[in-house]
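Visitor: Bring the two chains, given one by one in their own frames, into a single complex with the hints.
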Amino acid sequence: MSALRLASPTARNFRTLAPSLRPARARLTDAAMDGKPLATLDYSQMIVAVARQRDRAAFGALFDHFAPRIKAYLLRAGADEGLADELAQEALLAVWRKAETFDAARATAATWIFTIARNLRTDRFRKEWRDVPVGDDLPDAIDEAAAPDESLSEAERGERVRHALRQLPPEQIKVIELSFFEDQPHAEIAQTLGIPLGTVKSRIRIAMAKLRDLVGDLS
Amino acid sequence: MTIRHHPSDETLAAYAAGTLDLGRRVVVASHLERCAACRRFVRGAEQVGGVMLEDLSPAPMSEHALARTLARIDREHSRQPAKPVANEPGLPACLKPYEMGRWRWVGPGVEMRPILLPESGNVRVFLLKAGPGTRLPQHTHEGSELTSILVGSFHHEGGDFFAGDFEEADGDVEHRPIVGTDMACICLVALEGQLKLSGFIGALLNPFVRL
Ligand SMILES: [Zn+2]
Numbered sequence: 001m002s003a004l005r006l007a008s009p010t011a012r013n014f015r016t017l018a019p020s021l022r023p024a025r026a027r028l029t030d031a032a033m034d035g036k037p038l039a040t041l042d043y044s045q046m047i048v049a050v051a052r053q054r055d056r057a058a059f060g061a062l063f064d065h066f067a068p069r070i071k072a073y074l075l076r077a078g079a080d081e082g083l084a085d086e087l088a089q090e091a092l093l094a095v096w097r098k099a100e101t102f103d104a105a106r107a108t109a110a111t112w113i114f115t116i117a118r119n120l121r122t123d124r125f126r127k128e129w130r131d132v133p134v135g136d137d138l139p140d141a142i143d144e145a146a147a148p149d150e151s152l153s154e155a156e157r158g159e160r161v162r163h164a165l166r167q168l169p170p171e172q173i174k175v176i177e178l179s180f181f182e183d184q185p186h187a188e189i190a191q192t193l194g195i196p197l198g199t200v201k202s203r204i205r206i207a208m209a210k211l212r213d214l215v216g217d218l219s
Numbered sequence: 220m221t222i223r224h225h226p227s228d229e230t231l232a233a234y235a236a237g238t239l240d241l242g243r244r245v246v247v248a249s250h251l252e253r254c255a256a257c258r259r260f261v262r263g264a265e266q267v268g269g270v271m272l273e274d275l276s277p278a279p280m281s282e283h284a285l286a287r288t289l290a291r292i293d294r295e296h297s298r299q300p301a302k303p304v305a306n307e308p309g310l311p312a313c314l315k316p317y318e319m320g321r322w323r324w325v326g327p328g329v330e331m332r333p334i335l336l337p338e339s340g341n342v343r344v345f346l347l348k349a350g351p352g353t354r355l356p357q358h359t360h361e362g363s364e365l366t367s368i369l370v371g372s373f374h375h376e377g378g379d380f381f382a383g384d385f386e387e388a389d390g391d392v393e394h395r396p397i398v399g400t401d402m403a404c405i406c407l408v409a410l411e412g413q414l415k416l417s418g419f420i421g422a423l424l425n426p427f428v429r430l
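Residue numbers (the working numbering), protein chains in the order written: chain A, 1 to 219; chain B, 220 to 430.
Just to be clear, a hint being listed does not mean it is correct.
Think about it this way: if two alpha-carbon atoms lie no more than 20 Å apart in a straight line, the pair counts; the simulated EDC-like pairs of lysine to aspartate or glutamate are [unchecked claim]:
id	chain 1	residue 1	chain 2	residue 2
1	A	Lys174	B	Asp228
2	A	Lys210	B	Glu295
3	A	Lys210	B	Asp228
Read the hints as simulated data drawn from the structure, not as lab findings.
Here chain B stands alone, though its shape is the one from the complex (with noise of 0.2 Å):
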């Protein structure tokens, strides 16, 4: 399957800087894990990034720093196993750490299920499950919205969508998907900020969609 919907250059090198916060990283590690175009380009972005931390004038370390890392290596019993992963078959490995929500129900035909990240600013990420055919309210956010297609297919004015493909969109789109007729779509979204649903739907399901 040929990805033709990529992150922008600008939002590869913030994920390989480390300047996105962690709901828009784990987004963005799920198209790397389809996408070796994308991968690439990371990866040679954290190359830059090894040479520019090589390049850094050193900052000294307090005193004993090294003896205090040694005296907490010496403390350390066998590493803490993996926490159990509520993890389902299908989706992404950038998932497997975190706990999910349960799934809701946000409207006919959609559902979301939240991922739950330690600490994630003003950004929520979670599934979007949407059934065939589905034409998702009218919407516009707040701040920026991140999508990776994990399965299935939608398509809006910006363009078809497939399996493995990434959406960027600012708080200015005004997008009304509409799901692919062969099956379901489920998505990976980050979302900064509010989902601002608009038109009589909109009205209705808001209540719902502030997670």
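Bound conformation, chain A alone (with noise of 0.2 Å):
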């Protein structure tokens, strides 16, 4: 049983896995104790306090978790040291600000929360990103239109989508990273895997595949 779990693409996948992709793992054993995702349920239920009771302490939970997350991945996205501490609390402010338009029947927390920290990197291209207010002007009616019609619930969705990618080859979670969070031009991304632009390419299309297969599973 066990060397034939070594043998499989996932136990291979382990070994290989991006660096940012293993503190996850952990995680989803531990999640995988009790059979549910108890983590994100928690972050659903800070949000709706935060929304409901304006919790001071849920939206301090909240913070602590998921500023060092945003700013990390806006740091990724070519921000610098300033500018990234500066717009993940930006972020957390609109997580106060709209907290009642969160619905966890639809998103998972850190679905809805990365949504947000997604708005205001599109926003990084403003000049005057400061003087506008984050994410207001961003079509929330596209969110607002999607019929939450799924038999399964977005904590669920949320741990496959979790367990898909890591069924995913490493190079293919590589080019599906960096595609999200680095905005590199393909031949950027040929030069900094080592690979030619072709190839490149190729598994851009396949990661968009695997992508759709993904998302098809899903709905």
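Guide: Below, the structure is given as structure tokens:
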């Protein structure tokens, strides 16, 4: 049994995964113990507490968990230390302001907060980003228009995504990561990874097909 | 109405990942408002983003960052009401936050109206309205061009495009769209670089098209 598991692609990935994906594996194991992604549920409840009670302790916990991750995300997107720190605070401020729009039935806390950080990242292109209220001018209507027609809870879906990502070979994860985090033109990705441009393009195509499979499996 | 032309997976993933500039983002958003299939894909990609965000190794925040953020919360009065919108019925919700310029004549049967984004780099976004049966001048572009069809239809060598459809063209494409004869066609366009019209009409119109 154990020999079989070691030979499986999943077990191989365990050793070669990009470093940033490693910590989550430990969390998945914890979560798998009782079959529930507890951490995910807690953060959702904290957002709800911020929305309903303007709960500062819950906000503090959200801040401690997510602000440093958003900062890491923005650093990888090319922001410098000071800007990444400031924008991470800005993102959590947006969490406070927009908490009442969070719907735990439709998104995990991490996914919702990711979209806030992502919108900030789009704002980064503005010269005067400081003068623009964060994320307020972005199309929320899209999310409102989406029907919550899924049979799985969002927390379950989040875990499935996590699990499915782990099944991908490391080089595909690397390409998805680079395109998600670093906004590099293909030529630069090729240079970073030391592979030909054609290979980058075909890997991105494959990664996109995987992403589509993954999303298809979820719906 | 069945939507037959969608943004590429890569464009949708870039939308979800936040690597699209605001201009292209808005145009993709106008498609998403009408296309449940693409919304599902984007939603899935956002979940991937959420998982990746969770899995990043945290970068420690500066000292007192939480205290400073709480202080800002204290200073905040009630939220600023949303800006009044100069929107017209029938336009996609994603345009609501933005001011628009006025409609400008750019050629026989063709008008355009710029969307004034806070910062759009070298991508410009505009509404393009063309009367029934209009032949748009042949054109190329310096960069990519995203088109979301809001009302009406057009067709060219690349296919038939109806309201809800999305067209993604790069600088090499040289199409000459013809608007459907039944009604005017209104598109939302994100254009990278300058539009280069070719031919006599093009030479005539080029100065106007530079927004
Ligand atoms: Zn679509």
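Visitor: Does each hint hold? Answer for all of them.
Guide: Structure-based check of each hint:
1. A threshold of 20 Å between alpha carbons decides the hint, and for Lys174(A) with Asp228(B) the separation of about 18 Å falls inside it, so the pair holds.
2. With a C-alpha separation of about 44 Å, the suggested pair Lys210(A) and Glu295(B) falls outside the 20 Å cut-off, and the hint is violated.
3. In summary, the hint linking Lys210(A) to Asp228(B) is supported, as the alpha carbons are separated by about 11 Å, within the 20 Å threshold.
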